[in-house]
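Engineer: Chain by chain, the residues run as shown.
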Amino acid sequence: GAGVSQSPSNKVTEKGKDVELRCDPISGHTALYWYRQSLGQGLEFLIYFQGNSAPDKSGLPSDRFSAERTGGSVSTLTIQRTQQEDSAVYLCASSPRGAHGYTFGSGTRLTVV
Amino acid sequence: SQKIEQNSEALNIQEGKTATLTCNYTNYSPAYLQWYRQDPGRGPVFLLLIRENEKEKRKERLKVTFDTTLKQSLFHITASQPADSATYLCALDGPGGSYIPTFGRGTSLIVHP
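The listed protein sequences derive, respectively, from chains A and B. For the first sequence, the residue numbers in the working numbering are 1 to 113. For the second sequence, the residue numbers in the working numbering are 1 to 113.
Honestly, the hints are just simulated from the structure, not real lab data. C-beta: ideal position from N, C-alpha, C; glycine also. Do not rely on the hints blindly, as some may be mistaken.
What the hints assert, rightly or not - For each label pair, taking beta carbons as the anchor points, the in silico distance ranges come out as:
hint	chain 1	residue 1	chain 2	residue 2	range
1	B	Arg58	A	Val74	31 to 41 Å
2	A	Arg81	B	Arg58	41 to 51 Å
3	B	Lys17	A	Arg64	40 to 50 Å
4	A	Gln84	B	Lys55	19 to 29 Å
5	A	Asp18	B	Pro82	13 to 23 Å
6	B	Thr18	A	Gln41	24 to 34 Å
Isolated chain A (complex conformation):
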């Protein structure tokens, strides 16, 4: 596609429910990143995928968070048993291999009530 697509754009969920956030990167981009941005805060790294290599999960804040990337393209970030502190904007970015400029999607605003 023309850009990085994320869905849904907004998600309101009840505390304790599981949520899935989707990212569709730019076609041909081998690198895919998930970040989250809380109100007034910087971007917090969550997870990084590069081609078929094992993902770098060093930023995941707890074992309630997981992500997968199927066929080197679409990625899904799953948050289990959501907590209020999970409320944030979840951003996905992609880039070609070896590049150091990243294209972001518009994000998913997650609100846990």
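We have chain A already, so just place chain B on it with the hints.
Structural biologist: The following block gives chain B in isolation, referenced to the frame of chain A:
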């Protein structure tokens, strides 16, 4: 630990003036430094990349400098316009081929007509 500092106070300037934003970092030796623009409700948009062996980079009305001795980057917008009003983020990645950028919290720029 790695730390990136951007002025948390908004920068207010008059249209036509040059805006200068600062990014300082500590405990870090990045190979690449990037600047992004972020508008409310949107993901960051990549603007410029500068490498550690480059002192200055220009693109249209934008200029970035990178001083690895001072551990500082300056981002300039000349002939600023109200449409330049946004939050500007700096990001660092590398060395050692690391492709996981660390972002500053950003500085809000407000250009008054």
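Engineer: Does each hint hold? Answer for all of them.
Structural biologist: Hint-by-hint comparison with the structure:
Distance hint check for B:Arg58 and A:Val74: the Cβ-Cβ separation is about 37 Å, which falls inside the suggested range of 31 to 41 Å. Between A:Arg81 and B:Arg58 the CB atoms are about 49 Å apart, so this pair conforms to the stated range of 41 to 51 Å. As the Cβ distance of B:Lys17 to A:Arg64 is approximately 48 Å, the hint placing it in 40 to 50 Å holds. For the pair A:Gln84 and B:Lys55, the supplied restraint of 19 to 29 Å is violated, since their beta-carbon distance comes to about 46 Å.
One distance hint, 13 to 23 Å for the beta-carbon pair A:Asp18 and B:Pro82, is violated here, with the actual separation near 43 Å. At about 29 Å, the CB distance of B:Thr18 to A:Gln41 agrees with the hint of 24 to 34 Å.
In terms of the numbered hints stated before, the structure departs from hints 4, 5, listed from lowest to highest.
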